[in-house]
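Chains as they are written, first to last, in my numbering: chain A, 1 to 336; chain B, 1001 to 1324.
Keep in mind the hints are simulated off the structure, nothing from the lab. Be a bit skeptical, because a hint or two may be false.
[Claimed, not checked] Derived lysine-lysine pairs resembling DSSO-like cross-links, with alpha carbons at most 27 Å apart:
id	chain 1	residue 1	chain 2	residue 2
1	A	K158	B	K1280
2	B	K1054	B	K1280
3	B	K1126	A	K231
4	B	K1084	B	K1054
Computed from a predicted model, the values in this text were never measured in an experiment.
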Amino acid sequence: MLRFIARRTLLAVPSLLGLLIITFVMIRLVPADPAAALAGDNATPEQVAQIRAQYGLDQPLPVQFLKYLSDVARFDFGDSVYSSRPVAIDIVQRLPATLELTFAALFLATALGIPLGVVAALNHNRWPDFVLRIVSIGGVALATFWIAIMFQLLFAMKLDWLPLRGRSSVGISFAGGPTGFLMLDALLKGRLDVFWDAFRHLVLPALTLSLGGIATITRFTRAGVLDTMQKDFVTYERAVGYPHRRLVWVYVLRNSVVASVTQIGLLFGSLIAGAVVVESIFDWPGLGSYTVNAILTADFKVMLAVTLLVGVIYAAVNILTDIVHGLIDPRLRDQA
Amino acid sequence: MTAPPVLDVADLRVSIRGDEGIAKILDHISFRLERGRILGIVGESGCGKSTLIKSVLGILSSGARIERGEIRFEGENLLAMGDKRLNREIRGSRIGFIPQDPYLALNPVFTVGAQLLEIMRWHAPKSVRNHREHLIALLRRVQLPDPEAALDRYPHQFSGGQRQRLVIAGALACAPTLIVADEPTTALDVTTQGQILVLLRELVEEFGLSMLFVTHDLGVVAELCDDLCVIYAGQSVETGPTVQVLREPAHPYTRALLACHPDRSEHFTGIPGLVPSPLKAPPGCRFAPRCTSARPACPERPPHYVAAGQGHAVDCILHEGSGA
């Protein structure tokens, strides 16, 4: 198993190197001159040239690339134009909020998608299956921003069950904790009021973000279970009298979730992307809203850092997905 | 009073509803399996052997329906028994099952120990205290090398013959009286096949079992089975003691089948014509269109056995009124 993990991890190295090269080239291809953007609208050509020299943008490309690599290795992404603080610090402060949101959405998508998929498969071509198919097509097809606004209208404005926006209520004083995950920190410090408040704030954005994922995982689990039910070993397990429920939820499901796990891995990437929209609408102080600001103000250092970060997270999640595959299916372990 | 046969299937008819209509997969299947004996069910691919096995075990797919007949196991009609009771008391407990291809029949993502112990968890008799030890003893009996370590391994880590021994142990695990074996040697090479047949014979005597052995291979039947029942296109055409049926086959299909067997004929021969589709099968004998001795009444004659000797019965118009 350790060899398997090491192999999968090594396979991620070329992808990350590719990501570094592409981001480097892209910054140089953008029609906007970053030096001119930094210098501002009223800068003289001399000032632009000075900034160019200051940032090393007048050096030959290979030299620039090496400097880029050493900067990245030291997590030195420079200062954000927008917040005038080091980009790395901004990110470290905002990343936990985004991760909290995406993990919550991922949890919802998995916890609801897998059982719904099994139920749909067991009722193949009967009404629960039809309902779930229609709902899951809807979950993929409806625009996130529209659902987000509808949720806000219904649950926050009309019914007043849940807060409209933000990550915590005004008037709650909480210094934060070691992890940056608000709910976790609140629990660690025994502040149940803060935990409950944070939870209520999390529900709507996480639910909005998870809808597409619930739909995807439901569909893949349904297809996986339907496929597995045709296998000879299911006939055997019925013939030797396995109880029906255990047969489905343990023996069939473990074979079927391989495809779902792949989807959960891919989903994580799209959740981080989707968080940009959801965070903007719900005013969630995470990386998404930060990135939107960066794009609007052509803050290329922030864009670069966020792109690299998302790339690294994506690669990490893929390694994790492979490891989970190996844990589920012993045949994969033996191949590696 | 004599004990009822272990398995008594009478006039079984099973149909499957498909896109093209209702197909009578089985039409008049009748045979008896007496205690302590091995009954071979012989038929070509597609004659309904697996439907028959699924009917006995009560695991037919949802499109299939038993239209007629009885399946009596130790005197009790299984068809009248609810699925819950079948699952609790019959499948895996009193009837053990040996699948055709154990590589496909074992779940690839669980250890074989987990899978075989799962059967025991629900079906082992109370007298068996330690399931694991009991299973290891059985695995040793079926000559699986290193049985303790085997339980923690996965199906793909065994050879074909070893996997077959694993599922044989699984079938024996809960002290059944009847074993249903679905072509258990088809996926094996000839040497291993021979070893498994010897093992099955030994086990039947040692554990006092009865066995329903389904196969397409007359050679295997001749070697292993006490009795046999020949099936053609979903109809049981002839049944009796193996020695007698092979020596004096009464049904034209059995004769044709024996003539095809490479041990018995010098030239390669076949049976002219094709197996009829169960969608358009005639109500009478399904072999009539290919039969060299067919009479005009054959396609309409309702299937039923006629005696052809001691314990030997045949479903054919030619033997009607010929005594018995």
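Problem set entry | Hints not upheld, ascending by number | As far as the earlier hints go, 1 and 3 are violated by this structure, in ascending order.
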